[in-house]
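The chain contents come next:
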Amino acid sequence: MSIFTPTNQIRLTNVAVVRMKRAGKRFEIACYKNKVVGWRSGVEKDLDEVLQTHSVFVNVSKGQVAKKEDLISAFGTDDQTEICKQILIKGEVQVSDKERHTQLEQMFRDIATIVADKCVNPETKRPYTVILIERAMKDIHYSVKTNKSTKQQALEVIKQLKEKMKIERAHMRLRFILPVNEGKKLKEKLKPLIKVIESEDYGQQLEIVCLIDPGCFREIDELIKKETKGKGSLEVLNLKDVEEGDEKFE
Amino acid sequence: MVLNSLDKMIQLQKNTANIRNICVLAHVDHGNEEYLINLIDSPGHVDFSSEVSTAVRICDGCIIVVDAVEGVCPQTQAVLRQAWLENIRPVLVINKIDRLIVELKFTPQEAYSHLKNILEQINALTGTLFTSKVLEERAERETESQVNPNSEQGEQVYDWSTGLEDTDDSHLYFSPEQGNVVFTSAIDGWGFGIEHFARIYSQKIGIKKEVLMKTLWGDYYINMKAKKIMKGDQAKGKKPLFVQLILENIWSLYDAVLKKDKEKIDKIVTSLGLKIGAREARHSDPKVQINAICSQWLPISHAVLAMVCQKLPSPLDITAERVERLMCTGSQTFDSLPPETQALKAAFMKCGSEDTAPVIIFVSKMFAVDAKALPQNKPRPLTQEEIAQRRERARQRHAEKLAAAQGQAPLEPTQDGSALETCPKGDEPRGDEQQVENMTPKPVPQEENNQESFIAFARVFSGVARRGKKIFVLGPKYSPLEFLRRVPLGFSAPPDDLPPVPHMAYCALENLYLLMGRELEYLEEVPPGNVLGIGGLQDFVLKSATLCSLPSCPPFIPLNFEATPIVRVAIEPKHPSEMPQLVKGMKLLNQADPCVQILIQETGEHVLVTAGEVHLQRCLDDLKERFAKIHISVSEPIIPFRETITKPPKVDMVNEEIGKQQKVAVIHQMKEDQSKIPEGIQVDSDGLITITTPNKLATLSVRAMPLPEEVTQILEENSDLIRSVEQLTSSLNEGENTQLIHQKTQEKILEFKGKLEQHLTGRRWRNIVDQIWSFGPRKCGPNILVNKSEDFQNSVWTGPADKASKEASRYRDLGNSIVSGFQLATLSGPMCEEPLMGVCFVLEKWDLSKFEEQGASDLAKEGQEENGTCSGGNENQQLQDGCSEALEKRTSQKGDSPLTDCYGPFSGQLIATMKEACRYALQVKPQRLMAAMYTCEIMATGDVLGRVYAVLSKREGRVLQEEMKEGTDMFIIKAVLPVAESFGFADEIRKRTSGLASPQLVFSHWEIIPSDPFWVPTTEEEYLHFGEKADSENQARKYMNAVRKRKGLYVEEKIVEHAEKQRTLSKNK
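In order, the protein sequence lines correspond to chains A and B.
Counting from 1, position 191 in the first sequence corresponds to residue 191 in UniProt numbering; the numbering is continuous, with no gaps.
Counting from 1, position 568 in the second sequence corresponds to residue 568 in UniProt numbering; the numbering is continuous, with no gaps.
One or more of the hints may lead you astray.
[As the list claims (entries may be wrong)] Below 25 angstroms or equal to it, Euclidean Cα-Cα: the simulated DSS-like pairs (lysine-lysine) are:
#1 B/Lys267 / B/Lys204
#2 B/Lys584 / A/Lys162
#3 B/Lys1038 / A/Lys98
#4 B/Lys227 / B/Lys239
#5 B/Lys1045 / A/Lys45
#6 B/Lys629 / A/Lys166
#7 A/Lys162 / B/Lys574
#8 B/Lys584 / A/Lys166
#9 B/Lys624 / A/Lys138
#10 A/Lys98 / B/Lys1054
#11 B/Lys925 / A/Lys45
#12 B/Lys587 / A/Lys125
#13 A/Lys85 / B/Lys1054
#14 B/Lys287 / B/Lys96
#15 A/Lys138 / B/Lys1045
#16 A/Lys68 / A/Lys21
#17 A/Lys90 / B/Lys1054
#18 B/Lys915 / A/Lys240
#19 B/Lys629 / A/Lys138
#20 A/Lys164 / B/Lys574
#21 B/Lys574 / A/Lys138
#22 A/Lys195 / A/Lys231
#23 A/Lys68 / A/Lys90
#24 B/Lys584 / A/Lys164
#25 A/Lys125 / B/Lys574
[What the hints assert, rightly or not] According to the in silico footprint, chain B covers these stretches of chain A (three or more CB under 8 angstroms from chain B):
#26 30 to 39
#27 43 to 52
#28 91 to 103
#29 110 to 117
#30 122 to 129
#31 135 to 145
Since the hints were derived computationally from the structure, they do not count as laboratory data.
What you are looking at is a predicted structure, and each value in this text was computed from that prediction instead of being measured.
Using N, Cα and C, we set each Cβ at its ideal position, and we do this for glycine too.
Taking the hints into account, I'd like the entire structure generated from these sequences.
See below:
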């Protein structure tokens, strides 16, 4: 029996343990660090680059291998490689710092890209670049949450950025065609949702071309459908109202 | 002029005023005449050759300075060429002769042959410039004679002579005996032309000065006994005159001083009849002594300025050739100009200062000065009257105070004006001056303390520039013909209410300045031929302009820039909120620098294009410290890509035919294939994607096909036309009348359609042009949506087939969703979210049967609920109404139809489904990236050709053609280069060729990158060749991953490549 002292304590290095509970028992496999997430996402295709060994353990740090009966009772097979693959996909894993870092960075960029895509500088009607948005996000100390979708977070970022710089969501250009008799009434209701009315045309039908905040689109859509009983129609002319083409200073 | 050391440049940059052409007036007494010389210094670095261009335009002559040790540098060539192109006369100064003595330890004989060498090189350069010009002229003549074949047919003897023999070129060359070369050592303060020594020795030896002038330079020697000058020194082993009489004297002086031979120095000094101060004579540093002796013996200023006075033309001697060239833009010939304009030539030539002479001024650049540096804002010494005034005022104030203290009513407060009135008008002219000064409006508002003010750097070519004179400002694109057309002949209304003519403005000359180094001095009027600064023009002139009192004056030809801006960087403020300052600063920079371009790209980037790295650095410094005054960050500009698909390849990467060998079984390959297409989407072997909306009501079948290259090109070229087609059809959709559309446009559309039909031939493309439904992205891009479904006809050419039927109009709304889906899909492709290009999506089937059923059932239900009268006659209409109502119902009444509700509105689902379908249809085809390409034109001399090629091939460039420019040893190389590889290209090519090659980049087209970004080795041969992982360069993949990373998209890249090789020490150990 060995004495557990710091000098004979063997530390596991370069090992990430993936655990899974099945049939009341705990199973573990020994993997390389920074590789499990890669396997799950399908980037790493070589199993030997992920697994330290193909054997299934009860406790990796103590080196206790799982018994064959337990494996059969839990997984219905004793093919260690197959079981390892199952555990790799479904087991719980400690995400390493590098993996988390890359994930956060990627999400951060993604958010910045979405913001840059959706927003414009209201003065010039031109978009901001992603790099600039990233810097602005760092300036307001935005921290990425991994459990929220990037799109949600992007909308949040836009709200926060508005206090710091001149930024606005790019407007959508819509055209309503409304029956005249209901049009007037409806227009009043639509007014608070519309940013700029570009043209109005009372002919046989009321035709309005306007710019709206994309956030209001669904509301407007529903309002028109409900009020006009399907007679009015709405057409998206332009998803993003931005300046197109290059401009040269002259 | 040749300043090679970069350190020195940077040091110069510290003081921006140094960089600008400094204009200094020199007043020279030469003989009995007095001369006024405007000296304009210009920097020598290649990047700043624009400064040379601006200076050369307003000069009559130039001094070219060459280093005696380094000889002719690339920049010397450039400067010579510029002087040549502007038709101004150059003189040569060979400087730093002292280095030949002190550093290189040449003997006088060696130094002579070295100097001769340099002179020959320069003359060779001048010679090539001359021959190329003569050849060009000849070529022109030939083309002309081809155009006019009416010359006598009988005597068609081909002229084999190049025309060189007939043209006299002797006056062009530099040679000391002509007096246009001076040898100097600026650091030691001496310089001489041959004339100086000729004068001395003609007295000493008694040979005629004229003879000496001819023989002092060249292969002549003197026979002292016979007092005769003989030819052929080398053959007889004698020293040439130049060495014997001139160089040896200088050498012996240097020798004596450096060896501290006191006696000899004294001897030389006394024999030269100089007086050296005791302080200098005793100084331990030999440099000081040399300077003291030489600057008295052979003063440099005399030598150089005398040459300038003698050899360079005065403004009056402007050649007719130069005038004509200045006035004729582009390919215009002088004779084709309107007669009013031609008449101005006389004014040019006369350079008259009468009031009747038309005023012609050319502004070659705008430069920014601190408002504080302007004379009107500067504290100036007070004049006598002013002091008197002040004293008066102080006395008054004192009296007021006293009065107030005594409780009396205060006196009227005196204002400045009244104070002026009270001042004694003793001196009439002075008083006038005072008034004028008081009257001048302060052009620079004082609100902002250190605002930049722009001053135009200009020259008066004719007439007198007076302050307050009204004048036409003609931009570079102005045409006098335009003016004559718009303004009726004999128009006599005041020029203020002229009809607007493009590129012309009318304003007054606000302030005139004399440029004295950094100082600006006020001027009332400037006579012709002078260089001046004009304030208050910044709103009228951007970079350069022609000012004239007559509108018939043509704008001068654009400045001839040796360096075109090619180094592109993206600029952003460090703090995003400072964007407006940056934009403002960039606008100022654009005005202040003649050779800078600023663009705002569609991506929102602000791109600065400069001539080179050093120029870039200066622009950035200017932006940071003067114009924007904010922190900025500089980065590589974003490089655009396009995505497309190609036909499946016939051969694999090792040129084996595909399909004949066995694929190596790769386990993980399977996994990848599965992950690409999720379940619920059917893919048939032909690449047809069938997909159903989430609510299972509609099914779409889409196929993607690559468009032929020509078609893509046609679509690219006609994007404006496509946009108008779209507008036309959409207005058709609403049933508006389309008579408004111009007949011409309709013809154009038909022609465009015909062109498409012509290129889209073959079985697969049959009838496809008629079925085109939309273009994308943004409804005008180079991608096509084709509608092949049978139950709904719609095409971009005609609008919906049967617009009367309500059925169609119901489809129309859904059709719009499909088109939107297509637009979204083409806007961002699956590879790296870049727009698509050259892809044709075919909507093969469009099954809405289930949707209709549901609509019908809803309608029925509704009918029952509302007890509506649903007659069979207008069922169609009811159906339509019901449909949309059902839609609305679904969103409002949750209990009714939960299936559709949870997926949102149906139109949205259709958009998303269409987008997905297009994406998957793309993914099953071989995808390729398209890179933007520059055409790159490189001018290089023959000896650096190899290095140019090396740089090009390293950056994936392809050489298209190479030809020699006639009459020179320059090669012109045309190549294409991916934009992605162009960052730093110009700099690299300049470095590698020591500045002898200068590239020009212009965007030309999109090109498919041949390699597949998703390629991995699959066959045995490929395995052998590339290895299992194929980590060798895959250019397309590299680009794709770079874009994905930038956008924060998922990149298929391992965090750690080799599991065993990572650092394994834990942190707490």
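Verification of the supplied hints:
no., hint, verdict
1, B/Lys267 / B/Lys204, "holds (18 angstroms)"
2, B/Lys584 / A/Lys162, "holds (22 angstroms)"
3, B/Lys1038 / A/Lys98, "holds (22 angstroms)"
4, B/Lys227 / B/Lys239, "holds (15 angstroms)"
5, B/Lys1045 / A/Lys45, "holds (21 angstroms)"
6, B/Lys629 / A/Lys166, "holds (19 angstroms)"
7, A/Lys162 / B/Lys574, "holds (17 angstroms)"
8, B/Lys584 / A/Lys166, "holds (16 angstroms)"
9, B/Lys624 / A/Lys138, "holds (22 angstroms)"
10, A/Lys98 / B/Lys1054, "holds (11 angstroms)"
11, B/Lys925 / A/Lys45, "holds (23 angstroms)"
12, B/Lys587 / A/Lys125, "holds (18 angstroms)"
13, A/Lys85 / B/Lys1054, "holds (19 angstroms)"
14, B/Lys287 / B/Lys96, "holds (14 angstroms)"
15, A/Lys138 / B/Lys1045, "holds (18 angstroms)"
16, A/Lys68 / A/Lys21, "holds (16 angstroms)"
17, A/Lys90 / B/Lys1054, "holds (20 angstroms)"
18, B/Lys915 / A/Lys240, "holds (17 angstroms)"
19, B/Lys629 / A/Lys138, "holds (22 angstroms)"
20, A/Lys164 / B/Lys574, "holds (13 angstroms)"
21, B/Lys574 / A/Lys138, "holds (11 angstroms)"
22, A/Lys195 / A/Lys231, "holds (24 angstroms)"
23, A/Lys68 / A/Lys90, "holds (20 angstroms)"
24, B/Lys584 / A/Lys164, "holds (20 angstroms)"
25, A/Lys125 / B/Lys574, "holds (20 angstroms)"
26, 30 to 39, "holds (count 6)"
27, 43 to 52, "holds (count 6)"
28, 91 to 103, "holds (count 3)"
29, 110 to 117, "holds (count 5)"
30, 122 to 129, "holds (count 6)"
31, 135 to 145, "holds (count 3)"
Of the numbered hints given earlier, the model fails none.
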